[in-house]
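Combine both chains into one complex, guided by the hints.
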Amino acid sequence: MSFVTAENVFQSYGNRPILERVNLAVDEGAFVSIVGASGCGKSTFLRLLLAQEQPTRGEIRIAGAPPAAEPGLDRGVVFQKYSVFPHMSVRDNIIAGESFRTVTGVFRGAQKAAARERAQATLARIGLDHVADHYPATLSGGMQQRLAIGQALAAKPRILLLDEPFGALDPGTRLSMHDFLTELRRETAMTVFMVTHDLEEGFKLGDRVLVFDKPRWDPTEPDAFGATITYDFDARDGGIPFQRSEEHTYVRRPA
Amino acid sequence: MGMRLINRQPGVALKTALTILPFLVAFIAYWIGSEIRLAENPSDKLLPSPARIAATAERLFTEPDRRSDRILLWHDTGASLMRLALGVGISAVLATLVGLLIGLLPHMRATLAGFVAVLSMIPPLAILPILFIVFGLGELSKVVLIIVGILPFLIRDLSQRVLDIPREMIVKAETLGASSLVIALRVALPQLLPRLIQSVRLSLGPAWLFLIAAEAIASEVGLGYRIFLVRRFLAMDVILTYVLWITLLAFLMDLALRTLSRKAFPWTEASL
Chain A
14 MSFVTAENVF
24 QSYGNRPILE
34 RVNLAVDEGA
44 FVSIVGASGC
54 GKSTFLRLLL
64 AQEQPTRGEI
74 RIAGAPPAAE
84 PGLDRGVVFQ
94 KYSVFPHMSV
104 RDNIIAGESF
114 RTVTGVFRGA
124 QKAAARERAQ
134 ATLARIGLDH
144 VADHYPATLS
154 GGMQQRLAIG
164 QALAAKPRIL
174 LLDEPFGALD
184 PGTRLSMHDF
194 LTELRRETAM
204 TVFMVTHDLE
214 EGFKLGDRVL
224 VFDKPRWDPT
234 EPDAFGATIT
244 YDFDARDGGI
254 PFQRSEEHTY
264 VRRPA
Chain B
3 MGMRLINRQP
13 GVALKTALTI
23 LPFLVAFIAY
33 WIGSEIRLAE
43 NPSDKLLPSP
53 ARIAATAERL
63 FTEPDRRSDR
73 ILLWHDTGAS
83 LMRLALGVGI
93 SAVLATLVGL
103 LIGLLPHMRA
113 TLAGFVAVLS
123 MIPPLAILPI
133 LFIVFGLGEL
143 SKVVLIIVGI
153 LPFLIRDLSQ
163 RVLDIPREMI
173 VKAETLGASS
183 LVIALRVALP
193 QLLPRLIQSV
203 RLSLGPAWLF
213 LIAAEAIASE
223 VGLGYRIFLV
233 RRFLAMDVIL
243 TYVLWITLLA
253 FLMDLALRTL
263 SRKAFPWTEA
273 SL
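Going down the list, the protein sequences come from chains A and B. With our numbering as the guide, the letters of the first sequence map in order to residues 14 to 268. With our numbering as the guide, the letters of the second sequence map in order to residues 3 to 274.
None of these hints come from the bench; they were simulated from the model. It is possible that some hints are incorrect.
Pairwise CB distance ranges (calculated) [claimed, not checked]:
no.	chain 1	residue 1	chain 2	residue 2	range
1	A	ASP142	B	LEU165	48 to 58 Å
2	B	ARG10	A	THR115	53 to 63 Å
3	B	PHE137	A	ARG29	25 to 35 Å
A short, non-exhaustive set of chain A residues, derived as facing chain B with CB atoms under 10 Å [as the list claims (entries may be wrong)]:
no.	residue
4	ALA109
5	SER112
6	SER189
Here chain A is said to cover these stretches of chain B; the calculated rule only asks that three of the stretch's residues, wherever they fall, bring their Cβ under 8 Å from a Cβ of chain A [as the list claims (entries may be wrong)]:
no.	stretch
7	102–115
8	180–188
Source: prediction; values computed, not measured. Idealized CB from N, CA, C, for every residue including glycine.
If we strip away everything but chain B, and leave its shape as in the complex, we get (with noise of 0.2 Å):
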């Protein structure tokens, strides 16, 4: 009888293959099913040939577009960017805010706690409309979106975490004379960062995807407004290309918060 599955581990070079082993599935079969339609018909848009995305992503990376001079992906890119920085970037203040006063204060939990977990039963998307009308269809509507979006459940997660920390800590800290105040900014919320950068990680997905949509609906540039366009031609190279780009994007950001994390806060992984 052989050893259990659950015991078994790959070795180093075997589980770098199995790692790239779905990425070249995924790559070759895209591949072949392109070829196929390709051969039918060498006009077929539907699945262009790896050589024409990458040709396509080459233009799209330095050629100016030629009426308004300026690199379109780079321009989309930079928009998108800015708006989810700012969307991202607001709300992990404000629920870090709104966390410790959950967390730590029983006149607030009871005021905000349940008013927050009926907020985050709202469909995003579906009060959309009422952004655009409400805030117009600027920078503004697309930046509280992304708010509406992610907010509500980075305030329940960190409220809910600062409940977590243990009830002795906070109490050893009363003992040492700390204020209300003292407790809030040195003991929870040192405890609350690297919290807030796994939530802030999780809310990521989200977050493109509110940004992605309210682009879509009414933007001039970004990378969503981008794909949406070019939808009306088929033209699957670009929208291919945006979309490996963003999935590049997003990913990159998740391994920057998961090194800060790790540089941030060494007390989380200190252990014998």
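So here's chain A without its partners, still in its complex pose (with noise of 0.2 Å):
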């Protein structure tokens, strides 16, 4: 059975339809990006993910759990900005991975010093232990994103939700993230959603590409129609979009 799967999802905004006939099943362990035009919806898909906001139709579900109202541990996410709480320090940050579940939202005593080790194994794993102490503002933006993945990441999620997570990076940077987030997978194994608008970033992580668009287009109102999914690569075998499974397709193609 998928690990999450989407039935027949639809999102509109008033009457402003954004998704339509969205389905999709994803097995455990598997690293999809989604990828399309600006405001074809895939960050909104992302949202219904996360469970930020709710479908209008269709539901969405995790490990065949019930549809979630709200945001919580289940789903991990890193934001393109703000991910990170910039009044901790970066061990904090971490920590609060951990500790934000309980009742006060952080730890004393025993628990504390566990947990600081357990950030100081994590930190040493994302290369941030040098600085440990210092506020996230005094990072480079390539550091505060590992750490927003390390801090989501102690947090144990069942799948990690990715938006646009190096879009502000400069292209060195986002490269040594690419190598970051591959080895950081190849240890824990989670389920990834990846939204960006780099094709090619989708193609070299993903082991499946789903593209968003709109199947249907009234020239004269644009906005008549939603998008959905209409193509879904395989992109395993060194980020060759190489077509090992079915290709599945919803455009109509002109006669």
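Given below as structure tokens:
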């Protein structure tokens, strides 16, 4: 059975349809890249996966659980910006991944010492142990995103959602972040959804690449129809769009 | 063609000189004005000479009152600062609490945001008589006037600040399993505190205004009371001493808050 399923999902804001008829089944441990033009609803779909928004129709389930009403521990997220807490040191940001679920949000005593040690190990793994006492604002963009990913993983989510996580980084840093993420995935075998506008990045990192687009188009009223998954590529085997599985397409081609 | 004015920077020495200049100009202008009036009429009271003010200041700061055997200026300062601290302190605590509630909870926002916006339109001095009737002429009515005067502004400012916290950050906290309480205490409150200090700095001016207004109308001690008392004798030297003293106090408070903000919240200035 599939780990993450979207069943006939529709989303509209007021009268404006954004997504229509989105169906998806993703296996546990898969890395799914989501690409598409701006305004094609890929970020909306991520917010639905996150349960930050509820679909107007249809439902999204993780591991067969009932659809979530709000974001929770089972879904980790990293946004392009604002994914770490600026008022906490790098170490405390990692510890927050474990401590925020408690009643007061902080650990005390022995629990605190243990969490500190685990955080130190996490920081060593993501290469930030030398700046553990710094504040995020003093870190480079790449380091901040590594911290954000480390923090999300510290909470041990069932799926990890990345919303253009490397969109604000320079090309060199972006490449090293790809290596970092690939390595991290090898260790954790996490199910990942990543929204990106960079096709190359999507194919390089993803096992699957989903393309969101509008299958129907009314030239007199561009907002009349919503987007859906128009292509579902198998992107394994070295990032080459190698069509091993059946390609699904909902695009109406001219006769 | 010379460099644009917007790109011309004063050097360190010139900058210091320019900073001092307006103070110096104001002082000299006063001095000249005072000299001219005193030359015409040596017993003129309107613009006492700087030397006279200095002598009065020394007397006010050091010599006890004959009747009460207390140094009135310190006594006035203590009473006024206590009222100011209570008014501003209570307002700051309430504003933080209500600001968090309005900023974080949609139900509280729907209930209170409009009400606070309307409350902030009431001119506080217009309801001063009501405060005197309801809370009496004692300390309470003065503290309440300061609260009425600055609390609505503080609430609106701080609740907006909570709303300005990026949604991403709140959602991130949710995905770490944080409850509403943890989000309030560990995410919103720490980011609100630096802003609280800024807002309090901005509201210190109005707080002084309301304090002196309340003291002028009904009081037995306080800086504003004294100024309005000696006004009857046209004791400009005393009034000016008090005004300079209040200005100095306000400046020191602002400086203290600014320093506190820098020391207590290093993360706000931390950046490459």
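Index of numbered hints that the structure contradicts, given in increasing order: Violated hints: 1, 3, 6, 7; rest satisfied.
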